[in-house]
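There are 4 protein chains.
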Amino acid sequence: MRFFSDNAAAVCPPVLDAMLAANTLDTAYNGDRWSAALDARFSELFETPVSVLWVSTGTAANALALAALCPPHGGVICHDQAHIQVDECGAPEFFTHGAKLMLAGGAAARLEPDTVRGLLAGIRNDVHQVQPHALSITNATEYGAVYSPDQVAALGAIARDHGLGFHMDGARFANAVAHLGCSPADVTWRAGVDALSFGFTKNGGMNAEALVFFRPDLAVASRYRRKRAGHLLSKGRYLAAQLLAMLDDDVWLANARTANAGAQLLARAAGDRLVYPVEANEVFLRLRADEAAKLRALGFDFYDWGVGEARLVTSWDQDAAAIAPLADAIAAL
Amino acid sequence: MRFFSDNAAAVCPPVLDAMLAANTLDTAYNGDRWSAALDARFSELFETPVSVLWVSTGTAANALALAALCPPHGGVICHDQAHIQVDECGAPEFFTHGAKLMLAGGAAARLEPDTVRGLLAGIRNDVHQVQPHALSITNATEYGAVYSPDQVAALGAIARDHGLGFHMDGARFANAVAHLGCSPADVTWRAGVDALSFGFTKNGGMNAEALVFFRPDLAVASRYRRKRAGHLLSKGRYLAAQLLAMLDDDVWLANARTANAGAQLLARAAGDRLVYPVEANEVFLRLRADEAAKLRALGFDFYDWGVGEARLVTSWDQDAAAIAPLADAIAAL
Amino acid sequence: MRFFSDNAAAVCPPVLDAMLAANTLDTAYNGDRWSAALDARFSELFETPVSVLWVSTGTAANALALAALCPPHGGVICHDQAHIQVDECGAPEFFTHGAKLMLAGGAAARLEPDTVRGLLAGIRNDVHQVQPHALSITNATEYGAVYSPDQVAALGAIARDHGLGFHMDGARFANAVAHLGCSPADVTWRAGVDALSFGFTKNGGMNAEALVFFRPDLAVASRYRRKRAGHLLSKGRYLAAQLLAMLDDDVWLANARTANAGAQLLARAAGDRLVYPVEANEVFLRLRADEAAKLRALGFDFYDWGVGEARLVTSWDQDAAAIAPLADAIAAL
Amino acid sequence: MRFFSDNAAAVCPPVLDAMLAANTLDTAYNGDRWSAALDARFSELFETPVSVLWVSTGTAANALALAALCPPHGGVICHDQAHIQVDECGAPEFFTHGAKLMLAGGAAARLEPDTVRGLLAGIRNDVHQVQPHALSITNATEYGAVYSPDQVAALGAIARDHGLGFHMDGARFANAVAHLGCSPADVTWRAGVDALSFGFTKNGGMNAEALVFFRPDLAVASRYRRKRAGHLLSKGRYLAAQLLAMLDDDVWLANARTANAGAQLLARAAGDRLVYPVEANEVFLRLRADEAAKLRALGFDFYDWGVGEARLVTSWDQDAAAIAPLADAIAAL
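Chains as they are written, first to last, in this note's numbering: chain A, 1 to 333; chain B, 1 to 333; chain C, 1 to 333; chain D, 1 to 333.
Hints listed in this document are in silico derivations from the structure and should not be mistaken for laboratory results.
Source: prediction; values computed, not measured.
From the three backbone atoms N, C-alpha and C, an ideal C-beta is built for every residue, glycine too.
No false leads were slipped in.
Non-contacting residues of chain C with respect to chain D, defined by C-beta distances greater than 12 Å in every case (computed):
no. : residue
1   : Ser43
2   : Gln151
3   : Asp161
4   : Asp304
5   : Gly306
Short derived list, chain D residues pointing at chain C, Cβ under 7 Å:
no. : residue
6   : Val11
7   : Cys89
8   : Gly90
9   : Met206
10  : Arg228
11  : Gly230
Bound-form chain A, shown alone (with noise of 0.2 Å):
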């Protein structure tokens, strides 16, 4: 069984359902019915008027929302682990036209005020240092870590102190708020988030994800910024239909839910192997090569994180009987 990816899942009935109900002739691009529904559907689940934009990706909803957010000569301050540093190739680069992402530290990839704000302060105001225009965090974190709605606001109001825009990284942001148990709202716009990448792809959706802007009128220039970047479908009403079915009956929350207790089940599994609290859907535990090998022999996949650790990923397809296996795998190491 594979645990390296909620990636590599397959796509959930509904979603799949509403591809093949969207397969009749209709406008092309986003003139479509499925697209026109989206602000309104969004900005009924946010409680706030949204724009939001279908793209394939989430590397190409992060960039845009920084491109957003930064002009080329700006900065992004980000984790060093963040997805938009170490996994896309440079998409930020690109679609900022050269922007530069801003380091900092913290565990379980998670930014801490206090690191920002000591960023802040040691750049130069002047022409010849890059000066920062966004902040970028990933929540659920890459290391699984989840941002509350009042560590959200706290870097929220630095970015608003200091005049940055503020950007969330949700490839796994279902993940994020079915930890939470709170409204989208609250960790998002209430807590001073500008736009969201809203991921879809890896809780059940086949290739589509949603960039949400809360400031609408960010929205405008992405529009274009989509074309040129080749995003804007032709025939775009099969992701827009895949955004919909997921926010219908809540099937984003269900399938994040499950694959969030599946991780729990793995946590409790591990016990003092993890190497970070179990918020959402990954677990990163320290694991032997020896032991690592004896999981992989019963036909577990996942990947080595490093040297000692190793990184599993559930998926909204596991429920508590696909994931025993593995729970039990690792208790009995």
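Put chains B, C and D on the given structure of chain A with help from the hints.
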């Protein structure tokens, strides 16, 4: 009935079936077995080793191809009505980091060798002027004309003589090949083409295009560029499956033949209203405003094209019976 | 004697003297007292508060101005013979990160209001097409024509109505003003110009141009862009000193008047050989190959301009006596 | 007296004389006889054929060099205190179109082979991560340390083994060579360096730096990039003349020796206040706020460097007599 674009047509059954068949767990990104099969399958079709990248849009395919062929300080020769110039919101400039499109005219959006030679002759070979590094043509052209193998080869010879990379925008490549009845190889690499944007979306796909490199070395950097542009989908198998399904049993050709045949029916009905010879699935005809209104009143939807002209595009799902009402209505004007 | 470009002339004595006077220790970059004096000095000249950046080349001034006025996904309307299109190796595309130059024709490289309006009318207002964000004209034009205040204002009104930034490439602005006899304000901000590349190098400077922003807010980001482009010289005082020396005692006007007067002498000699009216310091005349050879045999150096034409450029250091031999030779052809 | 930067010093007499001697009509851009002499003159100095481009700033030289060595989707390994990272406002990102600087630490801003190897080992070789394409070091470093030929060669071997282009920022290359007493070749191409930013401005020039390519093929595209960046001055002879004047009679070495000797005087006076060994013309010393105030009250100007430290920079025009007052004041603290 809609004739405004093949962009809006539904997805054909074999493609949908293939996507459903791919709805199982597999490796993420392009590590899956469908993606892994692409190079071999397209190499077979083109009778030469090729490297193939799936992308979601023709704009991305075109822009990635141009970025592979032209440095930021270079220029790309193309028709002034080329899609890359007129309808991609500057995607070529984005992906190439600012290369200049060097425009030439020509009937039916077709570049002629003499015109290209004339344009080349007018460029001073010094550092003050952008130097041409690539040539891009569209086949079938934006006005429904088809370059024959000889016509492509004549341009290919110019490209070779001037050290230009040679790109073909084949958003309607299937329609061109269906018209020509030649091997895909004859109208591409055998005629000097280095990179082809091979379109499937307009021809019955959902959101998959193939960027085909006939010089496989060009693909190496392009794989990084694809990721960096946010075009490496995490569940890439759904794109690869579309491409494979279209090649199986020559669905791509069958679909294109249907669309072309529909255009011929319209062309016959249009008679001397035709602005250009109809060689693919686009029909441009002279139509007064009152005539256009009359057709629209009958339920036919299409684009006006400048003043006194209209564009009709037929699709893979429109057989003779589906075309007949419009053909009759045109004949009856 | 050389008439191929004012680019190659020597530096005038007041400029050299000022540079020598600046050869003392002072603060680096633009913190010195010469640089600090620029805004006030140019504001006085232009009768309005302006922000001024020195740069070493007209290409840098133009490209920085366009980057301030046009986003990467936008377009800049200019003449198809404009220096920014023809002779800057893509600098506008580099500095704007890929904005598209949108070309229009017009006699003597002069844009006409109707032409600009026509070009604007042809651009669909959707995300598939690059939208215009700026208008750029050259005064005096590349063919030696001069826009009057009214002519500039007519274009300025179009720019204002369409929300376009308005840039003037004034590589030979001094020659234009010398010809017009108007206030520099009349032909710039009073006519709607937002940014002016005010050239000094061709007019007797060594390597200093002034980028003048009539909307000082535009200068803020441009100061970062200048540094980022490697154009913030560490000993900037030698550039600032040049600009100040040229403004003192109206050296800039005196030099331009000399050059213009020389061109008039040549124009008179050329008679009906003239291709364009001579309004600045460039003379385009019809010249057969044998005639060109004859002039060259007499020691005159100049550029052929296409077939059967030649370009003669006069400089600040060529008085009537220096011009007379060529004028006589032309008259004697 | 000012010790805050060699950037602010006056221009040395041989350079000024050469500029005055160049004040005659000649061909524009880099067609003049001074520019034409550069390749041969620098090839002689470096004992190997090189291609040389003059530019006005070290930032431009560095950024052009990196653009020649690293594609937009690549990375440049450098020290986290490198000028290209800290003080160029993102110029490397601008010229490379978004390449990522990959940062490593090291005492006195010097990269160590083990550190570089460790950084390289941490980069996964897949398309999700930016791949390193170049290595850049500064010699002398930003903290006044000098890489020996062996130290450079050790890094050069790593670069060669990993296919990285190797750039040296030599803003104070003269100071490094003066310290080492070696041939310029030994510490550059013989040690694997591909491109050198050879600084002259800090060392007595006005606004001229030499970008030296030891692989002349790299210079071809760079000449277009220089123009495109607005760095091809129309009267380039005034830059070329500066470079030639500095090489004549080894003015560059004599100036650097003077500056280095001044730094040694200060170093001796500073004793155990020194933060780093003094090997070039920069002195970093521990200085309490009250001590700094005392020195400033005596008329000495310099930069604080973080808390409790200060940076003193000596210049070509400060001989022992000019240094003595500050040395005495430091000793007397």
